[in-house]
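Enquirer: To convert a position in the sequence shown, counted from 1, into the numbering used here, add 445.
Be aware that a few hints might be false.
Stated by the list, open to error - Derived BS3-like pairs: lysine-lysine, alpha-carbon spacing no greater than 27 Å straight-line:
id	residue 1	residue 2
1	Lys1033	Lys914
2	Lys1040	Lys1051
3	Lys882	Lys845
4	Lys1033	Lys1047
5	Lys1033	Lys932
6	Lys914	Lys1047
7	Lys914	Lys999
8	Lys1040	Lys914
As the list claims (entries may be wrong) - So the derived label-pair ranges between C-beta atoms look like this:
id	residue 1	residue 2	range
9	Gln586	Lys999	25 to 33 Å
10	Thr609	Gln1027	43 to 51 Å
11	Thr609	Ala485	33 to 41 Å
12	His660	Ala478	38 to 46 Å
No wet-lab data here; the hints were simulated from the structure. Idealized CB from N, CA, C, for every residue including glycine.
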Amino acid sequence: MTDAIVALIPVLGRALLHFLWQGALIGLLAAFALHLLRDARPQARYALACVALLACAALPVLYVVAHWLVPAAATETANGTTMLRAGMAFIGNADTAPDWSSRLDAALPTIVMAWAAGACALSLRMGAGLWWIQRLRSTPQLPVQREWQSRLDALAQRFGLRRTVALRLVASLASPVSAGWWRPVVLLPAGLLTRMPADLIEALLAHELAHIKRHDYLVNLLQNLVEALLFYHPVTWWLSRRIRIEREHIADRLAAEVTGQPRRLALALSELADWSCSHAESPSSPHLAQAAHGGSLMSRIEQLVRPGQRAVRGGIALPLVGVAVACLAFYAHAQINPAAKPAANAQATADAASNAARAQPQTRTAAQPQSKPAAAAAPTSHLTLRPHRDNEDAYALVSKDRDGIRMSGSTDDLPDIERARRSLTNSDFVWFRRAGKAYVVSDAATMAQVRDAWRDSDRIGAQMDVLGKQMEVHGDRMEALSAQMEKLAPKEEESAAIEAASRRMEQLADQQSSLAERQAQIATQLWRVDSAERDRLQASMDELARQQDELGRKMDEQSRVIDRASANMERNSAPMEALGRQMDEAGKPMDALGKQMDALGKEQEKYAREAERRTLALLDTAISRGLAQPLPLSAQ
446 MTDAIVALIP VLGRALLHFL WQGALIGLLA AFALHLLRDA RPQARYALAC
496 VALLACAALP VLYVVAHWLV PAAATETANG TTMLRAGMAF IGNADTAPDW
546 SSRLDAALPT IVMAWAAGAC ALSLRMGAGL WWIQRLRSTP QLPVQREWQS
596 RLDALAQRFG LRRTVALRLV ASLASPVSAG WWRPVVLLPA GLLTRMPADL
646 IEALLAHELA HIKRHDYLVN LLQNLVEALL FYHPVTWWLS RRIRIEREHI
696 ADRLAAEVTG QPRRLALALS ELADWSCSHA ESPSSPHLAQ AAHGGSLMSR
746 IEQLVRPGQR AVRGGIALPL VGVAVACLAF YAHAQINPAA KPAANAQATA
796 DAASNAARAQ PQTRTAAQPQ SKPAAAAAPT SHLTLRPHRD NEDAYALVSK
846 DRDGIRMSGS TDDLPDIERA RRSLTNSDFV WFRRAGKAYV VSDAATMAQV
896 RDAWRDSDRI GAQMDVLGKQ MEVHGDRMEA LSAQMEKLAP KEEESAAIEA
946 ASRRMEQLAD QQSSLAERQA QIATQLWRVD SAERDRLQAS MDELARQQDE
996 LGRKMDEQSR VIDRASANME RNSAPMEALG RQMDEAGKPM DALGKQMDAL
1046 GKEQEKYARE AERRTLALLD TAISRGLAQP LPLSAQ
């Protein structure tokens, strides 16, 4: 027997060391698979994490079985390896120290001892947890326990549970928990009975019954066993945590399906979180029981309120803001109206466009329809602005049939461009600046070449105009849905009423606790005093009971306030969910159009760069051929 243990120690040590890389590999594969299943049902992620944790437990066991059950082969191999290493060491240098492998083999007993100490400590923790749960089973119960036991039995029938589930009211917990497999029990904090409405407590009990229905306690015990044996590897704890998170999601869904009240469970979890913050959990309570407030609480509440959606799309504003930002990044528009205060209008429009252009130094073009009061949509106008520098070239394409211009330059150039437009009213022209001098080119052939250079960019711009109109239609629909959702959203006064009533109930519960302590003190004195003193103490007990009844009546009033506000919110929940689904459907075309708009914007940017290059080359040719007419610059 001793020889077998001696032979087991190095095998066990090597198994523990091999699990370092094996566990890391399992964790990497599990993380990748969980990422692929991020949109799947929690049952799929739960099963995957359980299989990964089972693989972590199986690999060291298989290694030990494979190497410990063939000691002869292992001994022969070890002897051969030792002789080979000794011969090589002798050939190389007789004084050479043992290599790292030999030193590692020598350290295997120490590694096994350290592992055994950690595993024993965590196993003792498991044993303490089992003892703690058994002790809570025998806690003396209050009279109200019978009422809640009947409620729990009714819920258990709805879950189809054949075994009797016991209910125990305890004072050392911050949350309801379920424990036991053969004889399951639900441990309910007694303080919750005076702090939360009965329907919310029933929702929490339904969550615990869901754990019992799925035998989660047994799986949790196996988890704790694996954690105790493989405590030294972080992948073990990560997988175990993921299992607990997904298990809570599954229990939430099952409880919501059975009770048909997912929002009530979400509200109960929220109230439980607030209550648990002020009640520290017993330090002796391990993770052997299923706590209702486990897992990622905000994620659980979101899944109950909006099942099947991992995250909010960004509400109403994000799609519209995204479209606006994309448009501002690629387009800056200016409209110059020569009929009314041309200089002032041009300057105002340019100032507005320059705010967007400052974030985009490259020359960009865009297309957006301009409208006139009594005409069809006017042709496209373009404007790209840069900070003014005297030695930098600028140009503007001006059409006699259009109010807008296509420009690359500074706002300081707009007065000069407007003066040129007033003087050349019957022809298209290009205004440009070279080395601080202004020129105008109105030659028909040159203008035809310039228009041809921008033809592809204008074609893409027209397509973007069409997409913009379609996005505007969908945006209007989403805005209308948003307005309806705002009307159905919980009113501020309702939320304030619930919050005020909750605070008042907490105050009343504190007063009840104080009265209960005084009643307990008097009860212990009743059997130690004479009859006269006993009558006085009994009168005090009666007075305290009257005060308790009064506090109970006030708590019922506050509970009714919360129930009324919650009922109103519950009535609006179904229409809100329907509007949310409509909003999601309305957002899908916006997403598709946004992708098309982005692709067209990139294509137009490419054409615009080429068009600008050709335009600048045509202007250089016009100067060399004497087709450019110099103009005086206005005073800056």
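Enquirer: All hints are to be evaluated individually against the structure, with a verdict given for each.
Expert: Hints and how they fare:
no. : hint                         : in the structure
1   : Lys1033 x Lys914             : holds, 16 Å
2   : Lys1040 x Lys1051            : holds, 17 Å
3   : Lys882 x Lys845              : holds, 23 Å
4   : Lys1033 x Lys1047            : holds, 22 Å
5   : Lys1033 x Lys932             : holds, 23 Å
6   : Lys914 x Lys1047             : holds, 19 Å
7   : Lys914 x Lys999              : violated, 59 Å
8   : Lys1040 x Lys914             : holds, 15 Å
9   : Gln586 x Lys999: 25 to 33 Å  : holds, 26 Å
10  : Thr609 x Gln1027: 43 to 51 Å : holds, 46 Å
11  : Thr609 x Ala485: 33 to 41 Å  : holds, 35 Å
12  : His660 x Ala478: 38 to 46 Å  : violated, 24 Å
The structure fails to meet hints 7, 12 from the earlier list, while all remaining hints are met.
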